[in-house]
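Participant: Chains as they are written, first to last, in this note's numbering: chain A, 1 to 289; chain B, 1001 to 1165.
Since the hints were derived computationally from the structure, they do not count as laboratory data.
Misleading hints may appear alongside valid ones.
In the DSBU-like style, the derived pairs of lysine-lysine whose C-alpha atoms are separated by at most 35 Å in a straight line are [stated by the list, open to error]:
| # | chain 1 | residue 1 | chain 2 | residue 2 |
| --- | --- | --- | --- | --- |
| 1 | A | 111 | A | 134 |
| 2 | B | 1039 | A | 111 |
| 3 | A | 269 | B | 1147 |
| 4 | B | 1039 | A | 134 |
| 5 | B | 1147 | A | 37 |
| 6 | A | 269 | B | 1039 |
| 7 | A | 37 | A | 99 |
| 8 | A | 99 | A | 5 |
| 9 | A | 262 | B | 1147 |
| 10 | A | 134 | A | 269 |
| 11 | B | 1039 | A | 99 |
| 12 | A | 37 | A | 111 |
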Amino acid sequence: MDAAKAGDRRALARLLSAIENGELHIQEPQRNDSDWKILALTGPPGVGKSCLLDRLLHEWVDHGLRIAVLAVDPSSPRSGGALLGDRVRMQVVDDVERKDSVYVRSVATRKTSGSVPLVVREMAFCLLDVGWDKVVIETVGAGQSEVRCAAVADRIVLVEGPARGDGVQAEKAGLLELADAVIVNKSDLDGAQRHADELRESLHLGHEEAPEVHLVSALHGTGIADVASTLLSVEQSTRAGRARWRERLLSHHERQLLQHIKFELLLSKIEEGLMSFDEAYAELRNGNE
Amino acid sequence: MRGIQRLFHNHQSNPRDMDQPLRIVIAKPGLDGHDRGAKVVARALRDAGHEVIYTGLRRTPEQIIETVRDEDAVLLGLSSLSGAHGHLFPRICETLREHNMGDVIVFGGGIIPEDDWPPLFEAGVRALFGPGTTSEEMVEFIATAVKRDDAGVGHGAGWHWNPSA
Ligand SMILES: Nc1nc2c(ncn2[C@@H]2O[C@H](COP(=O)(O)OP(=O)(O)O)[C@@H](O)[C@H]2O)c(=O)[nH]1
Ligand SMILES: [Mg+2]
Chain A
1 MDAAKAGDRR
11 ALARLLSAIE
21 NGELHIQEPQ
31 RNDSDWKILA
41 LTGPPGVGKS
51 CLLDRLLHEW
61 VDHGLRIAVL
71 AVDPSSPRSG
81 GALLGDRVRM
91 QVVDDVERKD
101 SVYVRSVATR
111 KTSGSVPLVV
121 REMAFCLLDV
131 GWDKVVIETV
141 GAGQSEVRCA
151 AVADRIVLVE
161 GPARGDGVQA
171 EKAGLLELAD
181 AVIVNKSDLD
191 GAQRHADELR
201 ESLHLGHEEA
211 PEVHLVSALH
221 GTGIADVAST
231 LLSVEQSTRA
241 GRARWRERLL
251 SHHERQLLQH
261 IKFELLLSKI
271 EEGLMSFDEA
281 YAELRNGNE
Chain B
1001 MRGIQRLFHN
1011 HQSNPRDMDQ
1021 PLRIVIAKPG
1031 LDGHDRGAKV
1041 VARALRDAGH
1051 EVIYTGLRRT
1061 PEQIIETVRD
1071 EDAVLLGLSS
1081 LSGAHGHLFP
1091 RICETLREHN
1101 MGDVIVFGGG
1111 IIPEDDWPPL
1121 FEAGVRALFG
1131 PGTTSEEMVE
1141 FIATAVKRDD
1151 AGVGHGAGWH
1161 WNPSA
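Okay, chain A solo, but in the shape it has when bound (with noise of 0.2 Å):
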């Protein structure tokens, strides 16, 4: 910890992966500070997550910051094993005048059901300990399990490409609903500019205050100063705060489960017959002890 702290960074590496493999539990600080230190980038795949937060990390490094990012990439539900390719996007980690102010860590999602582990958040409250001034995390997905970013980050920004001719659809609502601001990226690409209109009027329908869109292209750079200096002070919507406490609520029960050191053992117990659900999970919510 205090080599981390003095900017070993294979120290920190091995801090995290600590963490990531439940050695070591950091719990969450207590903060008086209103601007946020945790920030979720999150939209579907291909979207130009990784190329954006790239942008953004340039503006950021130049405006002074030194900041952290988890990358998490899911893993695959049968080998358990996980590519983690966001890095290769991140070419500020090649860049000798700004290498020094980022630190880029890939996170593979593991065990878990939904788009984040709750375990990215220790992470960060870590990466932030040690000297870091914000961390970003980017998260795949799209759809109902992505609220999940909501359990881990202080502000979630939600980044769309141009429109696909389907609308703004149900299932991302519920995203919508909690994202701090959105951002529509390949502005150099037809149905761009179509598609934050559609954001914009879906956020609009019902409520006053909504978050704003913005629209910007990663490959060009259009646009990225703006949404860059705009992302630094975006306040939090008031609309999220409940369903954030749900997500996290939900994210922490699952954790429980999952980490419970019978977990797999009644699984197979369920599973073979030997076991009714009910005294399984009974078992499994009293705890270790």
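Add chain B with the ligands to chain A, keeping to what the hints say.
Facilitator: Structure of chain B with the ligands alone, referenced to chain A:
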């Protein structure tokens, strides 16, 4: 400590035990622009249950080592098609040792004539896989190497994978 407490659990294991996925960096040093082979390897290792971080084309040794460091990878797989292995692989091994990362396990693949193998093993590379290698063999090498305590690049010349043995 800004209110952060650490609690140690002792029932947990260390990441080299097989119950946690292994973190593996697959990197392509050198200038050739083909990474199909590297991507095939990355996918095979993912399917074997590992967490694979792919770094993209044309990485310098420094960039590769920084990736291994920041990602806390246990293994580093290097792919070379262009003859760059001759000086780049040993340089990467040396740089890992200089940076106190001697416990990282290095292996290589691509198009590497067998005549070039001995100096690479000498430099601390633990396995070399030609184009015909099966993914089973690579997975078997990894499982074997992580169980040994002399597989890290810091141990220099010594044990290396020998599938016929
Ligand atoms: N045309 C266009 N392509 C983009 C833009 N931003 C990213 N891309 C491309 O979209 C693809 C996916 O980008 P990536 O950042 O990996 O998406 P992610 O899965 O959301 O992280 C890549 O091929 C990028 O080159 C953009 O602004 N315009
Ligand atoms: Mg990405």
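Participant: Hint by hint, say whether it matches the structure.
Facilitator: Hints, verified against the model:
1. Distance restraint check for residue 111 of chain A and residue 134 of chain A: the Cα-Cα separation of roughly 26 Å lies within the 35 Å cut-off, and the hinted pair is therefore satisfied.
2. With a CA separation close to 24 Å, the supplied pair residue 1039 of chain B and residue 111 of chain A stays within the 35 Å bound.
3. For the hint pairing residue 269 of chain A with residue 1147 of chain B, the CA-to-CA distance comes to about 31 Å; that is within 35 Å, so the pair holds.
4. Only pairs whose Cα atoms come within 35 Å are accepted, and residue 1039 of chain B paired with residue 134 of chain A is accepted, the gap being roughly 32 Å.
5. For a cut-off of 35 Å, the pair hint linking residue 1147 of chain B to residue 37 of chain A is broken: about 40 Å separates their Cα positions.
6. For the proposed pair residue 269 of chain A and residue 1039 of chain B, the alpha carbon gap of about 39 Å is over 35 Å, so the pair is violated.
7. For a cut-off of 35 Å, the pair hint linking residue 37 of chain A to residue 99 of chain A stands: about 20 Å separates their Cα positions.
8. Our distance criterion of 35 Å between C-alpha atoms is met by residue 99 of chain A and residue 5 of chain A, whose separation comes to about 17 Å.
9. In summary, the hint linking residue 262 of chain A to residue 1147 of chain B is supported, as the alpha carbons are separated by about 26 Å, within the 35 Å threshold.
10. The suggested pairing of residue 134 of chain A with residue 269 of chain A is violated, with an alpha-carbon distance near 44 Å, which exceeds 35 Å.
11. At roughly 25 Å between alpha-carbon atoms, residue 1039 of chain B and residue 99 of chain A fall within 35 Å of each other, so this suggested pair holds.
12. Annotation: proposed proximity of residue 37 of chain A to residue 111 of chain A holds, straight-line Cα distance about 26 Å (limit 35 Å).
When each numbered hint is compared with the structure, violations occur for hints 5, 6, 10.
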